[in-house]
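Trainee: In case you want the letters, here they are:
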Amino acid sequence: MLDQLVASLTDGILLGFVYGVAAMGLTLIWGVMEVINLAHGPVIALGMFGTYLLFTHLGLNPYLALIPVAGMGLLLGLVIYVIAVQRVINAPPLSSLLSTFAVNMIIIGVCTAIFSTSPQNINYSLGSLSVAFLNINYSRLIGALGAILVTAGLYSFLYFTRPGKAIRAVANNRAAAELMGIPSGQMLALTFGLGTMLAAVAGGLIATFFPFTILSGSPYELKSFVICVLGGLGNPLGALLGGLILGFLEGLIPAFLPVSWVPVLEFGLFVLVLLVRPTGLLGEPSK
Amino acid sequence: MNFWRRPGFWIPLAIVAVWGGVVLLVHQDLMRETAFILLMAVALASSLNILLGYTGYVSFGHIVFFGLGGYTGFYLLSVQGWSLIPAALCGGLLAAVVAGLVGAAVLRLRGAYFALATIGINEAARAFVSNFGPFGGPIGLSINFSAYQKYGGAGDALWYTFIFLWIITMVILLVSYLVKNSRFGLGLMAIREDEDAAMVMGVKAPRAKNITFMISAFFPGVIGTLYFFKNGNLEPGDAFQLNMSIEMLVMVMLGGIGTILGPMAGAVGYQWLRGYLLTSPIFKNLQLAFAGAILLLIILFVPAGAIGWVRHRFRRLQRVLE
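Chains U and P, in that order, give the protein sequences. Just so it is clear: in the first sequence, position 133 is 1105 by my numbering, and no numbers are missing. Just so it is clear: in the second sequence, position 245 is 248 by my numbering, and no numbers are missing.
Among the hints, a few may not be true.
Derived SDA-like pairs (lysine to any residue); straight-line CA-CA distance at most 25 Å [claimed, not checked]: (1) Lys287/P <-> Phe1087/U; (2) Lys287/P <-> Gln1092/U; (3) Lys287/P <-> Ser1090/U; (4) Lys287/P <-> Gln1158/U; (5) Lys287/P <-> Ser1088/U; (6) Lys287/P <-> Ala1085/U; (7) Lys1137/U <-> Gln1158/U; (8) Lys207/P <-> Leu1247/U; (9) Lys153/P <-> Phe39/P; (10) Lys287/P <-> Cys1083/U; (11) Lys233/P <-> Val174/P; (12) Lys287/P <-> Gly272/P; (13) Lys287/P <-> Leu1187/U; (14) Lys287/P <-> Pro1091/U.
Note that these hints are calculated values from the structure, not bench results. Just so we're clear, the structure is a prediction, and the values are computed from it rather than from any experiment.
Kindly generate the complete structure, drawing on both the sequences and the hints.
Mentor: Here's what the structure looks like:
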């Protein structure tokens, strides 16, 4: 019993790292421009398909494939920003919710026509590591390691480079940043690009664990909402923490209740956190 | 009662009345099915508009009330053997009570936080119902065919359901008009423009928002029961579709947010477009992408929706179209 619990917790927490990366993209976009990106799920799915296509057609190692996938994610984000977000960035929240949802429909619609909705699988196994009674898939370990690297990369970008500092300035106060000569439009576009890039990378990592379809992004999008709110909307490190908490819960709950109760508790917790502490665990307490 | 003389009041009602009347007179099954889907869209969009259009609160998971009401009503119909009207009204009441309880907490959140919370509530409700034994868990419920006998067979039961939906739709339009043109509605619109200022001016915002949330949840609950009674079965996946929720928002935006005729026009327009895209040989595979593109164009370039645009463009029509 205890063996099982430890095994399922390890599994859940390792998965939580990857959830964290997906949520980081969402939370970054929210923090800088207060837009909830409803096209997040399809971009995660595109990341899965990008990795899959590079692996099956070009024979690229799935982990190496993450690099071109990240580049494509960044570009895609810039395109989405210019087409759908730029015009509604100062409009009421409904506009940006619906415009990013329209992008969601377009991506899903086009990709369903191309790939159909049959499940795909990346057939690439690394075996597993055995420690005492634990059996850990190497793919999970590499996924968690990748997630830590991505977080470290994002933080060094935001804190030690000029564009990163400019993004933080825009997030802090757009008008003041503009007065200091920061091109806020470009920074917003870059942020959106980074957000979708993180989603695509997370998708690529998830694709190495589970089979997927073009619709597989939406559960991760919903999980990302939960995670972002747990960690505090707009706080990337909070997103990683939230991801770990969610992964931990997903490992813990099945030990006591049927697996189908997991989403009930997850979304219940989500609503509860929104009500009690809408700024999240790492955010400033609300006044 | 001088609003009987106002065209903005009777135009939407007259359209629905004549429309339903014609369907009843022609008495054709196919026509009734089409009219049922369209009227349901009109009714759902209009009831969402009571919250969204007047208070500006974006309920992204409004379909949760359709699902919960539908489940309650359907449970009373199929398991407890109630007849349709009390079951549907109970479904609506339960939806309103849930909205009242949930709203007391969630309506404190503003803007995108509220929208996120409603998504969470919908997902939580779906997951809960999938685990809830009396509602059939993941398999859902289905109706015993003999339940239709009470109304003189399945065919007549469907007509009966249609008439009920027709009347409910007119009631929703009436309520929507009354709310909009009352002192209460004025308070709601003040909340939409600036909630803090409205409260300073003496609008009891928390109570007003909560009542509005309950009103706009009641009708989807009733309609949910009717819809699933017509279908004969329901599953958690059908009852809490987030996509349907967003479709409702799209209909409201398409027609014109905060107007009475707008959600009606938007609902009919959206369903027509969808039907056209689904059946046309060119767009069949890409219908979702195409609908998305149209939605994007509307949000970016005509944010006031069709009716809003007409009202803005032709000032004289403002007195006619509400």
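Trainee: With reference to the structure, classify each hint as holding or not holding.
Mentor: Now the hints, each set against the structure:
1. Annotation: proposed proximity of Lys287/P to Phe1087/U holds, straight-line Cα distance about 15 Å (limit 25 Å).
2. Among the hinted pairs, Lys287/P with Gln1092/U is consistent with the structure: their alpha-carbon atoms are about 24 Å apart, no more than 25 Å.
3. At roughly 18 Å between alpha-carbon atoms, Lys287/P and Ser1090/U fall within 25 Å of each other, so this suggested pair holds.
4. With a C-alpha separation of about 38 Å, the suggested pair Lys287/P and Gln1158/U falls outside the 25 Å cut-off, and the hint is violated.
5. In summary, the hint linking Lys287/P to Ser1088/U is supported, as the alpha carbons are separated by about 13 Å, within the 25 Å threshold.
6. As the CA atoms of Lys287/P and Ala1085/U are separated by approximately 9 Å, the hinted pair is consistent with the 25 Å bound.
7. Note on Lys1137/U and Gln1158/U: the hinted pairing holds, with a Cα-Cα distance of about 13 Å set against a maximum of 25 Å.
8. Under the criterion of a C-alpha separation no larger than 25 Å, the hint pairing Lys207/P with Leu1247/U is consistent with the structure, at around 21 Å.
9. A C-alpha spacing of about 21 Å is found between Lys153/P and Phe39/P, which places the hinted pair at or below 25 Å, so the restraint holds.
10. Our distance criterion of 25 Å between C-alpha atoms is met by Lys287/P and Cys1083/U, whose separation comes to about 14 Å.
11. Of the supplied pair hints, the one linking Lys233/P and Val174/P holds, its CA atoms being roughly 20 Å apart against a limit of 25 Å.
12. As the CA atoms of Lys287/P and Gly272/P are separated by approximately 18 Å, the hinted pair is consistent with the 25 Å bound.
13. Proposed proximity of Lys287/P and Leu1187/U is supported: the alpha carbons are some 19 Å apart, at most 25 Å.
14. A distance of roughly 22 Å separates the Cα atoms of Lys287/P and Pro1091/U; the hinted pair therefore holds under the 25 Å criterion.
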